[in-house]
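Visitor: Protein chains in written order, with the numbering used here: chain A, 180 to 579; chain B, 136 to 602.
Since the hints were made in silico from the structure, they are not lab data. Incorrect hints may have been included.
In the BS3-like style, the derived pairs of lysine-lysine whose C-alpha atoms are separated by at most 30 Å in a straight line are [claimed, not checked]:
#, chain 1, residue 1, chain 2, residue 2
1, A, K211, A, K224
2, B, K438, B, K178
3, A, K548, A, K222
4, A, K516, A, K496
5, B, K496, B, K450
6, B, K167, A, K211
7, A, K545, A, K221
8, A, K204, A, K548
9, A, K293, B, K178
10, A, K221, B, K167
11, B, K371, B, K450
12, B, K177, A, K211
13, B, K438, B, K472
14, A, K507, A, K540
15, B, K450, B, K438
16, A, K204, B, K167
17, A, K211, B, K180
18, A, K204, B, K253
19, A, K293, A, K325
20, B, K167, A, K293
21, A, K211, B, K253
22, A, K211, B, K178
23, B, K167, A, K297
24, B, K249, A, K204
Owing to the predicted nature of the structure, the values given are computational and were not obtained by experimental measurement.
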Amino acid sequence: MWTILAVNVILSIGGSLVILNVVPKFRDMFVKAHLSGVDLNKKNKPEIPEAAGVISSCIFLIVMFIFIPFPFSKHFFNKEWGFPHQEFVQFIAALLSICCMVLLGFADDVLNLKWRHKLLLPTVASLPLLMVYYTNFNSTTIIIPKPLRFLLGHDLDLSALYYVYMGMLAVFCTNAINIYAGVNGLEVGQSAVIAGSLILFNIIELSGDCWSNHLFSLYFMIPFFFTSVSLYQFNKYPARVFVGDTFCYFSGMTVAVVAILGHFSKTALLFFIPQIANFVFSLPQLFHLLPCPRHRLPRLNQKTGCLDPSVFQFKDKSLSTLGRLVLKTYQLLGLIKVEQAEKDGELSQSTNCTLINLALKLTGPKHEKTLAAGLIILQVMCSGLAFIIRYPLASLFYDS
Amino acid sequence: MWTILAVNVILSIGGSLVILNVVPKVRDMFVKAHLSGVDLNKKNKPEIPEAAGVISSCIFLIVMFIFIPFPFSKHFFNKEWGFPHQEFVQFIAALLSICCMVLLGFADDVLNLKWRHKLLLPTVASLPLLMVYYTNFNSTTIIIPKPLRFLLGHDLDLSALYYVYMGMLAVFCTNAINIYAGVNGLEVGQSAVIAGSLILFNIIELSGDCWSNHLFSLYFMIPFFFTSVSLYQFNKYPARVFVGDTFCYFSGMTVAVVAILGHFSKTALLFFIPQIANFVFSLPQLFHLLPCPRHRLPRLNQKTGCLDPSVFQFKDKSLSTLGRLVLKTYQLLGLIKVEQAEKDGELSQSTNCTLINLALKLTGPKHEKTLAAGLIILQVMCSGLAFIISHPLRFDLSSPVIIPKGGENKSDINYLHNTFEIQFAHLPVTSKLDDDDPAKDLSYANEAIDKERKKYLEKIEKAPSYL
Numbered sequence: 180m181w182t183i184l185a186v187n188v189i190l191s192i193g194g195s196l197v198i199l200n201v202v203p204k205f206r207d208m209f210v211k212a213h214l215s216g217v218d219l220n221k222k223n224k225p226e227i228p229e230a231a232g233v234i235s236s237c238i239f240l241i242v243m244f245i246f247i248p249f250p251f252s253k254h255f256f257n258k259e260w261g262f263p264h265q266e267f268v269q270f271i272a273a274l275l276s277i278c279c280m281v282l283l284g285f286a287d288d289v290l291n292l293k294w295r296h297k298l299l300l301p302t303v304a305s306l307p308l309l310m311v312y313y314t315n316f317n318s319t320t321i322i323i324p325k326p327l328r329f330l331l332g333h334d335l336d337l338s339a340l341y342y343v344y345m346g347m348l349a350v351f352c353t354n355a356i357n358i359y360a361g362v363n364g365l366e367v368g369q370s371a372v373i374a375g376s377l378i379l380f381n382i383i384e385l386s387g388d389c390w391s392n393h394l395f396s397l398y399f400m401i402p403f404f405f406t407s408v409s410l411y412q413f414n415k416y417p418a419r420v421f422v423g424d425t426f427c428y429f430s431g432m433t434v435a436v437v438a439i440l441g442h443f444s445k446t447a448l449l450f451f452i453p454q455i456a457n458f459v460f461s462l463p464q465l466f467h468l469l470p471c472p473r474h475r476l477p478r479l480n481q482k483t484g485c486l487d488p489s490v491f492q493f494k495d496k497s498l499s500t501l502g503r504l505v506l507k508t509y510q511l512l513g514l515i516k517v518e519q520a521e522k523d524g525e526l527s528q529s530t531n532c533t534l535i536n537l538a539l540k541l542t543g544p545k546h547e548k549t550l551a552a553g554l555i556i557l558q559v560m561c562s563g564l565a566f567i568i569r570y571p572l573a574s575l576f577y578d579s
Numbered sequence: 136m137w138t139i140l141a142v143n144v145i146l147s148i149g150g151s152l153v154i155l156n157v158v159p160k161v162r163d164m165f166v167k168a169h170l171s172g173v174d175l176n177k178k179n180k181p182e183i184p185e186a187a188g189v190i191s192s193c194i195f196l197i198v199m200f201i202f203i204p205f206p207f208s209k210h211f212f213n214k215e216w217g218f219p220h221q222e223f224v225q226f227i228a229a230l231l232s233i234c235c236m237v238l239l240g241f242a243d244d245v246l247n248l249k250w251r252h253k254l255l256l257p258t259v260a261s262l263p264l265l266m267v268y269y270t271n272f273n274s275t276t277i278i279i280p281k282p283l284r285f286l287l288g289h290d291l292d293l294s295a296l297y298y299v300y301m302g303m304l305a306v307f308c309t310n311a312i313n314i315y316a317g318v319n320g321l322e323v324g325q326s327a328v329i330a331g332s333l334i335l336f337n338i339i340e341l342s343g344d345c346w347s348n349h350l351f352s353l354y355f356m357i358p359f360f361f362t363s364v365s366l367y368q369f370n371k372y373p374a375r376v377f378v379g380d381t382f383c384y385f386s387g388m389t390v391a392v393v394a395i396l397g398h399f400s401k402t403a404l405l406f407f408i409p410q411i412a413n414f415v416f417s418l419p420q421l422f423h424l425l426p427c428p429r430h431r432l433p434r435l436n437q438k439t440g441c442l443d444p445s446v447f448q449f450k451d452k453s454l455s456t457l458g459r460l461v462l463k464t465y466q467l468l469g470l471i472k473v474e475q476a477e478k479d480g481e482l483s484q485s486t487n488c489t490l491i492n493l494a495l496k497l498t499g500p501k502h503e504k505t506l507a508a509g510l511i512i513l514q515v516m517c518s519g520l521a522f523i524i525s526h527p528l529r530f531d532l533s534s535p536v537i538i539p540k541g542g543e544n545k546s547d548i549n550y551l552h553n554t555f556e557i558q559f560a561h562l563p564v565t566s567k568l569d570d571d572d573p574a575k576d577l578s579y580a581n582e583a584i585d586k587e588r589k590k591y592l593e594k595i596e597k598a599p600s601y602l
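Isolated chain A (complex conformation) (with noise of 0.2 Å):
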């Protein structure tokens, strides 16, 4: 087992090297081809090559390609009887399902798709694996949370709505990671510190009951560590380059694949809190019962170089009751900073709902290299929260 874990290590490590090779080669290819964004929050508002994400995903998936033989080679089962059918053709389904989302993800950067298709392109991708675990006759059965087993019982056969849940964590893990951006580095920062906290959770449950899940899960999550953390030396600040959607996408994928497979998804979701609070947060924007502007970034303070939190325009009388009410509850917790129109007719104004506005709101104006690190930092934490949530409590919610 560690030996096939090594040869995964050194393949990663090999792919983290090809990527910090290749992308600088790349940059005036992606340019040519309108592959391109502009770097808002900076003086001269550059122009940078988007879409990057699509070099570290190949990347991942050619070092998957060859590490298949590894996991499953012959020689070390005892003949027939021994080979694990079922985790490899679930492996290779876990491969199509995120192969599927690169390609889908490129096409949503190149054409620029509308966002309801933002929606349906992971249910397409995760079309695959789910349509592999229905084949394998895998069990729809979640157990129950202590704290509602007297009105659930001990379990309950989910059947088709497991594949509804299993369908929207693809959904959700994509478009979380992609709402929580706009500071270089973000996506792949945030990426690679849940990587790194899955990694750690695989590791510890190794030694435990269900010891091959985490092993499969860590055969994806490796190579997702290294290609990240090379691409992350691109995208962060200054950025060169901008991971784009596709990057959003497949890393998304990759996380719910491996979560839904390795049969751990409740533990993966909470690494997941910054990005769960964001999509919270940004719920009534998101639906419209508060405006959405285009961007929601932090805007650049010309004079002192540093972000301040961007804001939206609205006229009190143009909101719904229920808007007017979530407006009033943020403000009231300290979520949003609102400024009234002085005379009637005119907008007032308030600041973004997402996490990032918001940290800027209680720390004060703050350079972008900063508070880049500053919301790494926050991910990390999370995680070491997400640990002292899952271990020492979950016997409160679960029997070991």
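Starting from the structure of chain A, add chain B where the hints point.
Guide: Below, chain B alone, put in the same frame as chain A:
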């Protein structure tokens, strides 16, 4: 079996209807994304959306995803031992190779990668297939055709070379389709004809011994055929979309995948006769023995509205000796038309070495629509020829046959039913096991299997001796 095939056909028809619906709607999206090409052979040189192959490829993949449970639903198998594990993983691995190829092909269309990448990308995309093939311990032994047996023996274990052959098959199929292009509808049309021919071949072979291989191939070829036919509605003259390199990659890889996994790559190549001829004919230009212009498609004659063969220009002296030899040979065989320079220092010119230009040379200038139709009819005729060639010689050109490594009866077995061999041949024979061997208890190592095995070996002994 027929129910599952019916489901496949229904899903494929559904997919082709979706394509007919979706392609017009996304055309603007492609042009805005700068994915467009100029139609050089129209008078007004319009700008047409490019890389529409990615749409039909994605619909193909979605159809295949939805189809996954049907051939492998456990309802059809008796407990665990009948389940075709290896076929299932090969099915998913085939889809992975095709999906990867579409991704890399689309990246090529968007980023305009260099020509050397066109050889690398199909190799990378065929990796999953090769890796799964290796992990499944599939055979790398091929049966030598009768005429060569005196030289090489009955069979030959290629081992590593077999993997090189499989990788190169993917590279060849994709690029052979890619260079046999330039006329509205040709890429999709030739692919549809090849797919249709393979479907016919597979259906004929369903009543043979290797029926499971051909059933596997049908699962891929039927959706491929239907999606290509609907894409053809938009690519035929006058083209409303271009399919891009994405389609050529997708097409070549899908055919290569079924040929490799179905073990009929030699027969599949027979359906590629026009592509092979075009490739061989083009070799001097591809290797720069003769000058190779950027585009070798036929040229529009503005006055007549018909297509003439396109030309490349050269100075007699700047050709190498080999180049001049090739030029003379082609000229003698009537494959090209050379116009020598009248004075020294002026440029001579010659028609480009492609099958399309040759066709125009033989038939005279033709309208693009007629030329396209003619080339597709040529493809159909060559498929017919392929059927004639392969039929009486079928056993000689039969696919590489699975011979299990380390099998005791290797020298006795001439022609094997590979499904049986993969599933059962390396299972322990229960009568030979010790009583405390755990394998004896397992549900599939039982007397029923031993009986099947005996029946099968008897059948092998009675196989005709010319095999």
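Visitor: For every hint, state whether the structure bears it out.
Guide: Verification of the supplied hints:
Under the criterion of a C-alpha separation no larger than 30 Å, the hint pairing K211 (chain A) with K224 (chain A) is consistent with the structure, at around 18 Å. Taking the CA atoms of K438 (chain B) and K178 (chain B), the gap is about 10 Å. The hint holds against a cut of 30 Å. Distance restraint check for K548 (chain A) and K222 (chain A): the Cα-Cα separation of roughly 14 Å lies within the 30 Å cut-off, and the hinted pair is therefore satisfied. Simply put, K516 (chain A) and K496 (chain A) have alpha-carbon atoms about 18 Å apart, close enough for the 30 Å limit, and the pair holds.
Proposed proximity of K496 (chain B) and K450 (chain B) is supported: the alpha carbons are some 22 Å apart, at most 30 Å. Among the hinted pairs, K167 (chain B) with K211 (chain A) is consistent with the structure: their alpha-carbon atoms are about 15 Å apart, no more than 30 Å. A threshold of 30 Å between alpha carbons decides the hint, and for K545 (chain A) with K221 (chain A) the separation of about 14 Å falls inside it, so the pair holds. Using a Cα cut-off of 30 Å, the hinted pair K204 (chain A) and K548 (chain A) holds, with the two alpha carbons roughly 25 Å apart.
Of the pairs offered as hints, the one joining K293 (chain A) and K178 (chain B) is violated, with about 35 Å between alpha carbons and a cut-off of 30 Å exceeded. For the hint pairing K221 (chain A) with K167 (chain B), the CA-to-CA distance comes to about 27 Å; that is within 30 Å, so the pair holds. Proximity of K371 (chain B) to K450 (chain B) is assessed by CA-CA distance (about 37 Å); at most 30 Å being required, the pair is judged violated. Between the alpha carbons of K177 (chain B) and K211 (chain A) the distance comes to roughly 27 Å, so the proposed pair stays at or under 30 Å and holds.
Distance hint between K438 (chain B) and K472 (chain B) is fulfilled; the C-alpha atoms sit about 22 Å from each other, no more than 30 Å. Proximity of K507 (chain A) to K540 (chain A) is assessed by CA-CA distance (about 17 Å); at most 30 Å being required, the pair is judged to hold. This hinted pair checks out: K450 (chain B) and K438 (chain B) have alpha carbons roughly 29 Å apart, not beyond 30 Å. This hinted pair checks out: K204 (chain A) and K167 (chain B) have alpha carbons roughly 26 Å apart, not beyond 30 Å.
Taken as a hint, the K211 (chain A) and K180 (chain B) pair is honoured in the structure, with Cα atoms around 23 Å apart against an allowance of 30 Å. Restraint check for K204 (chain A) and K253 (chain B): the C-alpha separation of about 18 Å stays at or below 30 Å, so the hint holds. Pair hint K293 (chain A) plus K325 (chain A) does not hold up; C-alpha atoms about 42 Å apart against a cutoff of 30 Å. Distance restraint check for K167 (chain B) and K293 (chain A): the Cα-Cα separation of roughly 14 Å lies within the 30 Å cut-off, and the hinted pair is therefore satisfied.
Among the hinted pairs, K211 (chain A) with K253 (chain B) is consistent with the structure: their alpha-carbon atoms are about 19 Å apart, no more than 30 Å. Among the hinted pairs, K211 (chain A) with K178 (chain B) is consistent with the structure: their alpha-carbon atoms are about 28 Å apart, no more than 30 Å. Our distance criterion of 30 Å between C-alpha atoms is met by K167 (chain B) and K297 (chain A), whose separation comes to about 19 Å. Note on K249 (chain B) and K204 (chain A): the hinted pairing holds, with a Cα-Cα distance of about 13 Å set against a maximum of 30 Å.
Hints 9, 11 and 19 from the list above are not met by this structure, while the remaining hints are.
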